[in-house]
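K.L.:
Next come the chains, spelled out residue by residue.
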Amino acid sequence: MSGGAALALTLGALTLIKATPIAYAALGGVVSERSGIINIGLEGMMIAGAFTAVVFSAMSGSPLAGLAAGIAAGALLGLVLGVAATTFKVDQIVAGTGINLVAAGGAAYGLTLIFNQPGASPQVNALGSSFWILVAAAGACSIVLHVALYRTAWGLRLRACGENPRAVQDAGLLPLRLRLQAVILSGALAGLGGAFLSIGEVNLYSDGMTAGRGFIALAAVIFGRWTPLGAAGAALFFGFFEALQYVLQGRASWLPSDAMQALPYVAALFALAGLVGRVRAPAADGIPY
Amino acid sequence: MKRAAALAGGPAGAILLAFVLAAIAMLVAGVSPADGFSALFLGSLGGRNQIAETLVQTTALLFPALGVALAFRAGLFNIGAEGQLMIGGLAAGAVGAQLDAPGAVAAVAILAAGFAGGAAWGALAGWLRARFSASEIISTLMLNFIALSLASYLVSGPLKASEASGAQTAPLPAASWLPALIPGTRLSIAFLIALATAGVLAWLLARTVFGYELRACGAAPEAARRSGIDMARMTLLALGLSGGIAGLGGATIVEGVLHRFNTQLSPGYGYTAIAVALVGDLHPLWICLAAFGFGILESGGLAMQALADVPKDAIHVIEGLIVLVLAARRYVATRAQTVPL
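Chains as they are written, first to last, in the numbering used here: chain A, 1 to 289; chain B, 290 to 630.
Treat the hints with care, since some could be wrong.
To be verified - Where chain A lies over chain B, by a calculated footprint (3+ residues, C-beta under 8 Å):
#1 309 to 318
#2 403 to 409
#3 423 to 430
As the list claims (entries may be wrong) - Dumping the calculated SDA-like pairs for lysine to any residue here, alpha-carbon to alpha-carbon at most 25 Å:
#4 A:Lys89 with B:Leu437
#5 B:Lys449 with A:Ile287
#6 B:Lys449 with A:Leu263
#7 B:Lys449 with A:Lys89
#8 B:Lys449 with A:Met59
#9 B:Lys449 with B:Leu437
#10 A:Lys89 with B:Ala301
#11 B:Lys449 with A:Pro256
#12 B:Lys449 with A:Ala259
#13 B:Lys449 with A:Ala252
What the hints assert, rightly or not - Stretch-level coverage of chain A by chain B, calculated; a stretch enters the list once three of its residues show a Cβ under 8 Å from a Cβ in chain B:
#14 16 to 30
#15 99 to 105
#16 135 to 147
#17 236 to 247
Since the hints were made in silico from the structure, they are not lab data.
All values reported here derive from a predicted model rather than from experimental measurement.
Think of the CB as a built atom: it goes at the ideal place given N, C-alpha and C, for glycine as much as any other residue.
Modelling step: build the complete structure from the supplied sequences, incorporating the hints.
P.N.:
Here it is in structure tokens:
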């Protein structure tokens, strides 16, 4: 294999890996926003998933138990946001920000409390090469969700909740229950994305390891025009820039490493700005019912 | 009277809740709350040096919290105070290390540079929203990471002090440092500047046409638009001013505490500032009190960790829970739904 082909293969594989956690979180964002709840807490749910997965893998020795716990932790925070947004009708942006602060602080507190080791956890049993299953599953998930949203009664009702919850209620359904379901699923997906970061890509949790991916995922939701397949595609786009940063390191010495680190964030800004007048959010997105 | 009742139901209740939560966090860590709280308060208010350090933290939180509050009042969710603080500090450090001017002139010029740097960073998000409908929630957060990369690049390259081994700018000449408020401590007159800024902001919001229009954009965007307020201009101004105030805070840390710029400028003041602004009911004068409360937590947290073995990060969990609880009061005025998110 020539050097160029090997490099392209590396870049392609890395793109898939880096896109996976963003894709899971972005799918969570799509489900939540389609039901009418803006999930700013995706970042915190990823942190919770990443940290909890490491704790449970350390305690049980099984990375699968860690993965399940990570998903559950994300879902739990999803429940918190869901109850806050439906029962208490709070400002979803403020509540989501609170979740992000709690999760970041909680993981840092937990590192000291559980591992007696601030900053980063010790190494734990990770998924190893079977993490590729999760990469493939992200693709499968986006197809399944796409079909569920556009070809099932549940999907139709969920989307109706995000457009006109009153009409859903008039049809004899419970919009708040549908929203709660959606945001719990959203948290579970973000938790899965977080767990992929900690026990998939590597084998430990360190403070700040999610590095704003939950917010990049929100950008991916918009870039993907609130559809699962679109969001997955946008995740690939952002994953590519993250992968590029690793491939360029050591190969393009003229480009400072700090500039490479900023690449995914700059890409997200350009993606947001490039969509002027061409996207439309669900009509009732972010409005309490 | 009405305001006092609102405070009892909201911020005051939240502070009471914070104490309960802190006690739980201490119990979880296996420490008696009596020991934990005594360490917290001795470490933050137990003497002249401790009080000075608490006021240093209060100052560092007050600037970005005022900036955040201003944007919130305009209906804009600026979560980029961290990046605006960083760029303000960077601009202050860059100008301060190069500037050859008499002390007082230099001191003012450095503060102005910090304000301008933060304002530019905030206005960038404002421009992206006004011109391209890019959600300021995402763009300000992205700009936090970009600010850190930019600062990290500049201090390890072009702006690096030639003699220094670490990544930082050259020190500011001593003549341009902010004078100490309590000699022998890190507390400078930055504290007074922060209080003055709060006063000016309170006046601006309550007593000027600009402040009225700004609040109108947050409280009733549709009515504001129909009454002829230029929303694009207000978005740009509000986020620019919000960033400028945070940037001013960054400059005072450079000029009053570090006396040079490096990327360790902030341990997350810009994020904690969101909690401070909400606890302060988005009102500049209450925010001063809230910043003092959080200043106690920040400076006492270290003592609590050292003396009572309660991890300092417990403080940040408590801050987040307060924000969650306060969310119920619908602080952020009706957000304009014109931007897709």
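K.L.:
Compare the structure with each hint and give your call.
P.N.:
Each hint, compared with the structure:
1. Closer than 8 Å: that is the beta-carbon criterion, and the region 309 to 318 of chain B has 3 residues meeting it against chain A, so the requirement of 3 holds.
2. A count of 0 residues in the region 403 to 409 of chain B with a Cβ less than 8 Å from any Cβ of chain A is obtained; the coverage claim is therefore unmet, three being the minimum.
3. Counting residues of the region 423 to 430 of chain B whose C-beta lies closer than 8 Å to any C-beta of chain A gives 6; at least three are required, and the coverage claim holds.
4. Under the criterion of a C-alpha separation no larger than 25 Å, the hint pairing A:Lys89 with B:Leu437 is inconsistent with the structure, at around 35 Å.
5. Proposed proximity of B:Lys449 and A:Ile287 is contradicted: the alpha carbons are some 48 Å apart, above 25 Å.
6. Of the pairs offered as hints, the one joining B:Lys449 and A:Leu263 holds, with about 23 Å between alpha carbons and a cut-off of 25 Å not exceeded.
7. With a C-alpha separation of about 50 Å, the suggested pairing of B:Lys449 with A:Lys89 is violated against the 25 Å cut-off.
8. Annotation: proposed proximity of B:Lys449 to A:Met59 is violated, straight-line Cα distance about 45 Å (limit 25 Å).
9. About 15 Å separates the Cα atoms of B:Lys449 and B:Leu437, which keeps this hinted pair within 25 Å; it holds.
10. Using a Cα cut-off of 25 Å, the hinted pair A:Lys89 and B:Ala301 holds, with the two alpha carbons roughly 21 Å apart.
11. Simply put, B:Lys449 and A:Pro256 have alpha-carbon atoms about 14 Å apart, close enough for the 25 Å limit, and the pair holds.
12. Only pairs whose Cα atoms come within 25 Å are accepted, and B:Lys449 paired with A:Ala259 is accepted, the gap being roughly 17 Å.
13. Note on B:Lys449 and A:Ala252: the hinted pairing holds, with a Cα-Cα distance of about 22 Å set against a maximum of 25 Å.
14. Residues of the region 16 to 30 of chain A with a Cβ under 8 Å from some Cβ of chain B number 0, which does not satisfy the need for three, so the listed coverage is violated.
15. Residues of the region 99 to 105 of chain A lying with their CB closer than 8 Å to a CB of chain B number 7, which satisfies the three-residue condition for coverage.
16. Restraint check on the region 135 to 147 of chain A versus chain B: 0 residues with Cβ-Cβ distances below 8 Å, three needed, restraint violated.
17. Note: the region 236 to 247 of chain A has 0 residues with beta-carbon separation from chain B under 8 Å; the three-residue rule is not met and the coverage is violated.
When the structure is compared with the earlier hints, violations turn up for hints 2, 4, 5, 7, 8, 14, 16, 17 and for no others.
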